[in-house]
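What follows is the residue order along each chain.
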Amino acid sequence: MLSKKQLFSRGMLDIAPHMLSVIPFGIICGAIGVDLGFNPYLVYAMSIIIFGGASQIVFLQLLSGGASSLVAVTSVGVINSRHLLYGAVLSEYLEKLSFIKKLLISYVVVDQGFAESNKFFKKNKTEQYLHYHLLGTGITMWVCWQIATLAGIILGSFVPEELGLKFAIPLTFIAIVVQDLKKLDHVIVMLVCGISSLLFFEAPFKSYILISPVIALFVAALLLRLKK
Amino acid sequence: MTWLSITIAGILTYFTRMTMIVLVRRDLLGEKIKAVLAYVPSAVFPAIIFPAIFINDYGAYIEMNDPKIFGALVAIIVGYFSRNVIATIFSGLLSYWIIIFVFLS
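Top to bottom, those sequences are chains A and B.
Residue numbers are given in this note's numbering: position 88 of the first sequence equals residue 364, and the series is strictly consecutive.
Residue numbers are given in this note's numbering: position 7 of the second sequence equals residue 8, and the series is strictly consecutive.
Only chain B is shown next, with the shape it has when bound in the complex:
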């Protein structure tokens, strides 16, 4: 039963990936729609970022002094100026670890 569900979930997921790539032709999308689609990264990724920072494992909002907020802010500043993915991820993790291991322990 679980195997069947996984297979169906896999087929569904594949269809979400394939449908638009196969169906959409250049003339199908007008200039206006293309202009809106240019915002896709900005319109999708915050829906992954925000809950991962502001909502904890138990589905509750975190406190405003949570180390994750500090880590995210450091990552944003470092990322903005360094334009470097590794520096962004690492600075965020490091500042988060400093708070939880040095200040909160």
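For reference, chain A alone in the conformation it holds in the complex:
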């Protein structure tokens, strides 16, 4: 049985490699916000209030492009709706927590943290303090995101744009799913999701990010039927 501290550090360790892409991305996010002409305090406040990478950039880009607040807010909601799926998966492991603790831990659920903690949870179902792993991944992400966006806001885009560091984002997610390429059913689900996301990319409010997982999960349910 691992202690709370051990689980927390394990979470930090598991998420750490992803900082290779999260930190440059945070710097870019902060710099873009200021470049678009927004109040630096406002750009930074988003990292605390929304705390959601791509959705922060989309929000500011929409507003600066002349979209209404309603459109910008709806888009953020739609982009971040994928957390509903993460929550459904994690709920099984967080069941024993008190209501208040559930409310608090929810704030730090992010893509990479969910992915790494979920992998750990699947292998260590019997651990008593599993949620400390999720705290480890989530809090690490939070701290790095705050520092990175703040650096981008204060120093501007000191990461040269020619480096194309935005490309590190898809690479982080490739690193997360790449081992599942061993399983044919997962490969099919991934391709369905990926191709749908390209087909529905123009759908309003960035809803491709919600539509494609729904289609992919439907295909997953069909595959499960076929397997039986």
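No lab work stands behind these hints, which were simulated from the structure alone.
Just so you know, even glycine gets a beta-carbon here, dropped at the ideal spot from N, CA and C.
It cannot be assumed that every hint is accurate.
Cβ pair distances, simulated, as ranges [what the hints assert, rightly or not]:
hint : chain 1 : residue 1 : chain 2 : residue 2 : range
1    : B       : 56        : A       : 312       : 16 to 22 Å
2    : A       : 504       : B       : 95        : 43 to 49 Å
3    : A       : 432       : B       : 3         : 17 to 23 Å
Model the placement of chain B on the given structure of chain A, informed by the hints.
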């Protein structure tokens, strides 16, 4: 006005994170739904990966010889065999940089 929008967007985002964690109980999800939920990472992350590779900053599809496709393929191969996140990200970036700085410059 922008502050108000950010606050509402933040509350919405928090609700997407919190709702399922608070509401879902073990007996609420059947075995079938749990089996489908096991596919969540494979069903969600490609929706981030594919557009980031195949669609450029201006919303247009990239050419088939775009260095990003090469970088992604290298990352997939390195990631598959190394099982290492840093190696995956770095190999993808490095191969992408080699193409844009050595071959295209």
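Evaluated hints:
1. B:56 to A:312: 16 to 22 Å: This hint holds: roughly 21 Å between Cβ atoms.
2. A:504 to B:95: 43 to 49 Å: holds, 44 Å
3. A:432 to B:3: 17 to 23 Å: At 21 Å between Cβs, range holds.
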